[in-house]
Amino acid sequence: MGINNKLKFQCVHCGQCCLDQNTLVNTTYKDILRIKNGLHLTIDEVIEILGFYVFDQPPSVNEIDRMVVPPIQTERGMAFVGLKKKPNGKCFFYDKAEERCSIYAFRPGFCRTFPFRFTIRSDKNKKKSEINIFYTEKGIQYCQGIGEEYPYLDLEQWIKLGREVIQDLSKNNQLIKTWNSKVKIKQILPTARNFILTIFNIE
1360 MGINNKLKFQ CVHCGQCCLD QNTLVNTTYK DILRIKNGLH LTIDEVIEIL
1410 GFYVFDQPPS VNEIDRMVVP PIQTERGMAF VGLKKKPNGK CFFYDKAEER
1460 CSIYAFRPGF CRTFPFRFTI RSDKNKKKSE INIFYTEKGI QYCQGIGEEY
1510 PYLDLEQWIK LGREVIQDLS KNNQLIKTWN SKVKIKQILP TARNFILTIF
1560 NIE
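Here this note's numbering is used: position 58 in the sequence shown is 1417, and no number is missing along the way.
Keep in mind that a hint or two might mislead.
Dumping the calculated SDA-like pairs for lysine to any residue here, alpha-carbon to alpha-carbon at most 25 Å [as the list claims (entries may be wrong)]:
| id | residue 1 | residue 2 |
| --- | --- | --- |
| 1 | 1443 | 1464 |
| 2 | 1389 | 1409 |
| 3 | 1395 | 1444 |
| 4 | 1519 | 1397 |
| 5 | 1389 | 1404 |
| 6 | 1389 | 1402 |
| 7 | 1530 | 1553 |
| 8 | 1543 | 1431 |
| 9 | 1395 | 1451 |
| 10 | 1444 | 1464 |
Hint data in this document are derived by calculation from the structure and do not stem from the laboratory.
Make a model of the complete structure from these sequences and hints.
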């Protein structure tokens, strides 16, 4: 199911991707800035809507290398940064009354690309790398917008989004690498506030 015309999908706003208790929505620094500017949040309010999910056991170097978004060093250990979840496991921004995302216009890249994932393939004979698109395992598992009754993807539009998200992830991973290096040499205290301030200073 790579880059082809066999992928069918149409978001039906079922909310399953917002309700899954085991789904963690990773956020890049651009995601955080987009939400911050969209909701006009202060630094304290940004910290309030984010979760810093600390690992029970520190991940190995090989495990970190396989992660789409690497963890950051915090006061409590290595942690993923993502949208906060409610006590019942639902996304903090899921509006139960409206049955939809309350920040849909500026939702994270993770949400914008669901139920797909993208890979990049470089070809020395081509000036531009090729983006491949696939259904995610969780998408196949519970996304109600995947089915033969739905239209084929507008591949040009989705590949463009995939390229943007991959570039965003690359820049975000560089930010995290720099942050973790500074924490290691004690150049910065690994607090949530300092991490968000680092992001704010990018603007």
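Hints, one by one, checked against the model:
Distance hint between residue 1443 and residue 1464 is fulfilled; the C-alpha atoms sit about 18 Å from each other, no more than 25 Å. Restraint check for residue 1389 and residue 1409: satisfied, since their Cα atoms lie roughly 14 Å apart, inside the 25 Å limit. The suggested pairing of residue 1395 with residue 1444 holds, with an alpha-carbon distance near 17 Å, which does not exceed 25 Å. Straight-line distance between C-alpha atoms of residue 1519 and residue 1397 comes to about 23 Å, which keeps the hinted pair within the 25 Å bound.
With a C-alpha separation of about 16 Å, the suggested pairing of residue 1389 with residue 1404 holds against the 25 Å cut-off. With a C-alpha separation of about 15 Å, the suggested pair residue 1389 and residue 1402 falls inside the 25 Å cut-off, and the hint holds. The hinted pair formed by residue 1530 and residue 1553 meets the criterion: a straight-line CA distance of about 19 Å does not exceed 25 Å. Distance check on the hinted pair: residue 1543 and residue 1431 sit about 11 Å apart at the alpha-carbon level, within 25 Å; holds.
For the suggested pair residue 1395 and residue 1451, the alpha carbons sit about 15 Å apart, so the restraint of at most 25 Å is met. At roughly 19 Å between alpha-carbon atoms, residue 1444 and residue 1464 fall within 25 Å of each other, so this suggested pair holds.
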